[in-house]
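There are 2 protein chains.
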Amino acid sequence: MRFLPLPFASVRINAGFWAKRQEVNGSTTVPAGHDQLEQAGAFENFRSAARRGTGQYHGPVYEDGEVYKWLEAVAWELARRPRAQLATWVLGTVPLVAAAQDDDGYLNTFVQVAAKGSGRFADLAFNHEIFNVGALAQAAVALARTGAGAGLLDVARRAASQINETFGPGKAPGTCGHPLIEMALVELSRHTGDRTYLELSRHLIAQRGKRVLSSGRFGPSYFSDRVPVREATSLEGHAVRALYLACGATDLATETDDEQLLAAVKGQWASTVSSKAYITGGLGARWDGEAFGDAYELPPDRAYCETCAAVASVQWAWRLLLKTGDADYAELIERTLYNGVLPGVSLSGDRFFYVNTLRLRAEAAQAGDDAEPPGPANGRRPWFATSCCPTNLMRMIASLHHYFVSGGPEGVQLHQYASMSIDARAVHGPSRLEVETNYPWDGEVCVRLGEALGRPWELALRVPQWAGGASLRVNGRAAGPEPVPGTYTRLFRNWEQGDEVVLELPVKPRRSRPSPEVDAVRGCVALEMGPFVYCLEQHDQPARTPVDELWLGGGSLRAAARPDLLGGITVIKANGVVRRSTGTAPLYKTTTGEETVALSNSAPAARADDAGVSSELTAVPYYAWANRGPAAMRVWVPEQ
Amino acid sequence: MRFLPLPFASVRINAGFWAKRQEVNGSTTVPAGHDQLEQAGAFENFRSAARRGTGQYHGPVYEDGEVYKWLEAVAWELARRPRAQLATWVLGTVPLVAAAQDDDGYLNTFVQVAAKGSGRFADLAFNHEIFNVGALAQAAVALARTGAGAGLLDVARRAASQINETFGPGKAPGTCGHPLIEMALVELSRHTGDRTYLELSRHLIAQRGKRVLSSGRFGPSYFSDRVPVREATSLEGHAVRALYLACGATDLATETDDEQLLAAVKGQWASTVSSKAYITGGLGARWDGEAFGDAYELPPDRAYCETCAAVASVQWAWRLLLKTGDADYAELIERTLYNGVLPGVSLSGDRFFYVNTLRLRAEAAQAGDDAEPPGPANGRRPWFATSCCPTNLMRMIASLHHYFVSGGPEGVQLHQYASMSIDARAVHGPSRLEVETNYPWDGEVCVRLGEALGRPWELALRVPQWAGGASLRVNGRAAGPEPVPGTYTRLFRNWEQGDEVVLELPVKPRRSRPSPEVDAVRGCVALEMGPFVYCLEQHDQPARTPVDELWLGGGSLRAAARPDLLGGITVIKANGVVRRSTGTAPLYKTTTGEETVALSNSAPAARADDAGVSSELTAVPYYAWANRGPAAMRVWVPEQ
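Protein chains in written order, with this note's numbering: chain A, -4 to 635; chain B, -4 to 635.
Any given hint could turn out to be false.
Each pair may be met inside one copy or between any two copies, as identical chains are not told apart.
[What the hints assert, rightly or not] In silico PhoX-like cross-links for lysine-lysine, where the CA-CA straight-line distance does not exceed 25 Å:
{"#": "1", "residue 1": "LYS568", "residue 2": "LYS166"}
{"#": "2", "residue 1": "LYS503", "residue 2": "LYS318"}
{"#": "3", "residue 1": "LYS166", "residue 2": "LYS584"}
{"#": "4", "residue 1": "LYS584", "residue 2": "LYS503"}
{"#": "5", "residue 1": "LYS568", "residue 2": "LYS584"}
{"#": "6", "residue 1": "LYS111", "residue 2": "LYS503"}
{"#": "7", "residue 1": "LYS584", "residue 2": "LYS261"}
{"#": "8", "residue 1": "LYS318", "residue 2": "LYS111"}
{"#": "9", "residue 1": "LYS111", "residue 2": "LYS166"}
{"#": "10", "residue 1": "LYS166", "residue 2": "LYS318"}
{"#": "11", "residue 1": "LYS205", "residue 2": "LYS261"}
{"#": "12", "residue 1": "LYS503", "residue 2": "LYS568"}
{"#": "13", "residue 1": "LYS261", "residue 2": "LYS111"}
{"#": "14", "residue 1": "LYS166", "residue 2": "LYS261"}
{"#": "15", "residue 1": "LYS261", "residue 2": "LYS568"}
{"#": "16", "residue 1": "LYS166", "residue 2": "LYS205"}
{"#": "17", "residue 1": "LYS261", "residue 2": "LYS318"}
{"#": "18", "residue 1": "LYS15", "residue 2": "LYS261"}
{"#": "19", "residue 1": "LYS503", "residue 2": "LYS15"}
Bear in mind the hints are in silico, worked out from the structure with no lab data behind them.
All values reported here derive from a predicted model rather than from experimental measurement.
Just chain A, with the same shape it has in the complex:
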C-alpha cells in the first residue's frame, strides 16, 4: 500500500462542519436506528432464533445485516464519544447475536426462524445468508478495533468458517447474490491474521462471472455475474452489489499483490467515474434493478443514486487511494461525502433519503408518489422497509474521520479537511498535527505541527481539482511548490514543533457543465462552491419564480453567508430568467426550413422559449435540500 490507514482513535474531528454532522449522527441517528430496528422486529428475530423455536420472522431476508451495520455504527460512535447507552446496546446485542448462532456456526435468523423447511442456502441469489455474515464480520472487527468488545469476533469467525466449510475452496460451488462478504473477509483476515478468510474471499470473488446467479427476471449482470471481475471493464447491474464486490476485489488485489486484478478494478473505476457518475458522486442511474445505466445515461429527474451506493463508492475509492496514492480517488471521496452520502440524511438526523434525485418537479413534490414509497417525491422518511441506507450512512458518518488522513513511511497525508487532531505515531513515528479550518465554507486550512521528529518527513496536502489559484504559506511566508489542483502538494522538511502550514483554497462559486455525451442535461449548468454541489430549491426563490421554469442567466455568481439558514450555510446568488411554461401548447414543433408548424393538439401559443422575466436566484448546498417540506428542486439548470 502506498498510504496506510491510521488507527481509528488517531484522528478526531474537533469542530466545524463534520463535527456537527458526527454529533447529530451520534445523538440522533444511531439511537433512531436502534428504535426503528426494534420496532421492525429485527432484534426479535434474534430472540426467536435463540429460542430455537419456530416463530414469526420480521422484515426482509437481510434484516440481520441491518442490525450488524447499526452495531458497527455503535462501535465507531462509542470510540468517537463514549456514552453509557451505546455501551449498553453493545452489551445487550452481542450476547443476543451469539445466542442465535447454531452450534455449527450457521447464523441467519430468516432461515432459522421462518424458513427452516426450505433449509439453508436454498436461494443464494436472494436470501442474503452470506451477505449477512459479511456484515456481521464488519461489525465484529469494528467492535474489536475500537476496544468496545471482542465478543462478537468469535461469533463472526465461526459464521465465516461455516461459510468456508460450505462454499469454500473444494466445497459446493456458489456465492451470494449480494456481495459484501468479500471485503469483510479480507478485513477479518487482516484483523485476526488468519489467511483462511482471505482465501475464502479470493475463492468467492473467483466464483463471479460464471453466471450461476440469476433469479426470476434478474439475469447475471444484476448480480455482477456476467463476466469475471478481472475481465469486467465497467461496473454494471445493481449498483450497490457491484460496488461492494469492487471493494472486495480491491482489498484482495492489495493483500495478494495481484497487479492484474488491481489494473482491472482501476480500469472499472475510471470507466465508471467518467461515464456513469452524477456530479454529486451518486452512482446507479436506474430505478429498474437499482442499477447502473449505460454509459452517459444520467437523467437528473430519475436519478436513483441510492444512498448505499454513495457509501460504497467512498469505501471503494478509499481502498484505491490507499493502494495507489492517486489524488483522483480522494477527490471523488470528497465529492461523494458532501453530495452523495450526506444528502441521505436530514439535518435533524432522523429522516432519510434512499433515492437521491437531482431534480424534483413542483407537481411531484406536492402530490407525492404512492407508487414509489422510497421515492424523493415523498420527501425524507423516518425509515424504510429495506433500511440499508440509514444503517449504512450511520456507520460511515460515525467513522468518517478515518477517511480523512493516512500515513506511512513517507509521512502524513491529509486527504480531506476539517478541524481535527491527528496522531500519526502508529504509522509515522511521533507526528502529531492539529488542523484548524472553517472548511468547506472557507478555504483556509491551517496545519500546526505538534512535535519534531528529528528527521525530515513529508506532509502531503491534497489540492482539490476545483482549487485553481491555491497558495501555500509556511510559518507565514509564501512557500513552494505551487499547489497544483488535483494533486498532493508535498512538503518534505525537518519539521519543528509549532511549524505552521497554511493552505489557501479559493472557495468561490463556479459553474459546472456536463460533457456533451450526457444527453439528459445538455445545455445545463450546475453551480458549485468548494466541495459542494448546489441546487435551486423552491423555498429560496422569489414569488412567482417557479424552479421548474427557471433558466440561469449570465453575470457573476455571488456567495453570501447565511448563518440563519439550514444550520448555517453559504448560498450562491445568480441571475436567472423565468420562462413561463404554457401548459397545453405543443410539445414539438416542426419545420421544413420554410416555416414552423406546431405539432400536437393545440394552436401555436406562447411557450417557454419566449423571452422571460429576470429574477435573482438563490442556490443552497444540495445536501441541505428537502429539510423544509415538499418543494421543487433542481441541480442542473438550463443556461440562457
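Fit chain B to the supplied structure of chain A, relying on the hints for placement.
Okay, now just chain B, sitting in the frame of chain A:
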C-alpha cells in the same frame, strides 16, 4: 357523436403501405400468436378448466385475456381476408372457452384451475378476473360483428352478468386492478342493446378514485385509483391501465351524454399529449411501474413506451374523434399508428418490441440486457411471458381500416390515407369512394366518387398539421377552400359519379424540435417526413461514424427513395458531424469565470466538444429499425 364509425366491412385497404402490413399481420403475426399461445399453455388452461379438475395453470394470471385478444384479431382478419385456418381456429376456440365457463357464468381459468383454494376475486388488484371478462366481451363482439360467429357472445354476456351480480350496483364494492372491461361493457351494450352492461360500466368507473386498489408497493395511482375519473386532470400511474380506463370513460360519456365526464377526459387528453407524449406518440415514460412520468419527463434512452399503450392511445383518440370531430385526435392517431404501434412488430411480422425506446447506445445493443428481458437492448423477441403487446398489436392491425374513415349525416370523413375502397352507405346513403395514393411515401391522395347521391353532401379530408402548403384539385382544377393544416378541408357539393378530388400534401423532410421544458432532449432535433418519425440506425451510416457520437449539421435535408431497403422506404440524408468521444476524459468541467478546470479522474483531454468530422447521415423511418440485427439507434440527435 359527431362522426359515426362505418361497419367493419365497409372499408378495405387495397394496396400500399398498410395493405402490406395487414397482409403480413394476417399471414404471419396472427398464426404466430396461435402457436405461441399454444406453446405457452394458454389453450391448455381452458382445457383444464373445462375438465373441472385441478391441474397445472400456465402463464400469468391474465393469460386468458391474451387468448381473447388473439381471437379478436382472428375475427377481424377473417372478415378482412377469409381463410380456412382462421375459421378453424374460431370453431375450435369458441367451444373451448364456452366449455370452461362455470354454470353461473364465472370464467377465469387461473382461479378455476390453480387457485380454487383462494377462491374467486381474492386479489382484485392483480388477478385480472374482471379484465379477462372485458377482453372476452371484446372478442365476442368482434366475432359477432364480422359474422364469424355469435357463439361467444352468449359466453361473454353470462360472464359479464356474473360480474354484475358480484360487483354491480348495490353489490360488493370493488373493481379490477386493470381497467379494460369498462369500454368492453359499453361495446357489449351497444351491440346487444342491453343497458345493464352500460350501467355496470358506469358503476365500475365510479368505483375508481376511492382508493380501494393498492397492492404491495403499488399505491392507488398505479391503478388510476388516486382520484375519481371525472376529477383527474392528467393520466398517471400504469400507462395501459390509465389509457384503457380513459377509453371506457369516453365511451360512457358518449353513450350517456355526460358532458362533465367528457370535458374531464378531453382535459386529460390535452394535458397528457402536451406534456407526457413522446414524438412517436409513445406514452408511459417510466420502466418502474410501466408508468407515466411527471410532465415533461420524457427520456429517449429510457423511454418505456409500451406497445400496448400506443394501441390504447389510438383507441382513446378514436373515441374522442368520433365524439368531437376534432382533427387533433386524428392527428395523434396517425402519429401513433406509424411511430408508436407499428414499431412494435418486425417487418417479418414475427418479432416484437414490448418497450419502444427512442435511443439505444451501441454498447447496450451489442451486450444485450439480461436484467431487462423485454428491453430493447435484447432486440425484437418472438414472444414475451406477458404477451399483451403482440396480441394487442395484431388485433389493431387486423382492424386498422376501421380507424381510417367515418361517416354520418353530414357526409364522409377521411382521417387517414391509404389506397382503399369505401362503402359509406350504412351511415350516409349510397356514397362509394375509391382512394388511390402512394401515401405516406407520396402526398398525392386521389379520391374518386363512386356514385351520385342526388343531393349535396360533404367530403371531409384531413390535412395533417405538418402539411403546410397543401393544395386541392377537383376534377383537375384548383379548388378551394385552401387546405389548412390541422383541420378538415370540407367540400360540400352535389357530387357526381366519377368526380375526382386530389389532395396534395407536401411530404418533405423536416426538422422537429422539443419544447424547452423537455430536459432530456434539449438542443436536439428529430427528423420527420410525412407522418413518419425518422431515426439514425448504425447500419446506414458510413464507416467510423458511430451513431452515439453524431451531431446534426446544417444544410438541407434530402429525401431518397430506397426500394431495396427495409421493404421499400424513403430515407432522409442530412449533414452530420462526428464528435469523437474520448472515454476517460472528465464528465464535468467547472469554471469560476476565469478558467476552466476538469473535474473527475483524468487530465483534461479532447472530448466531444472539440471540432468534429463531417459525414453524411442517413435516417430511416423509426418503425423499421431493429430489423437488421443489434445496432445503435437514436431518434433525437443533438444539433451542431
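Of the hints stated earlier, which fail here? 1, 2, 3, 6, 8, 10, 13, 14, 15, 18
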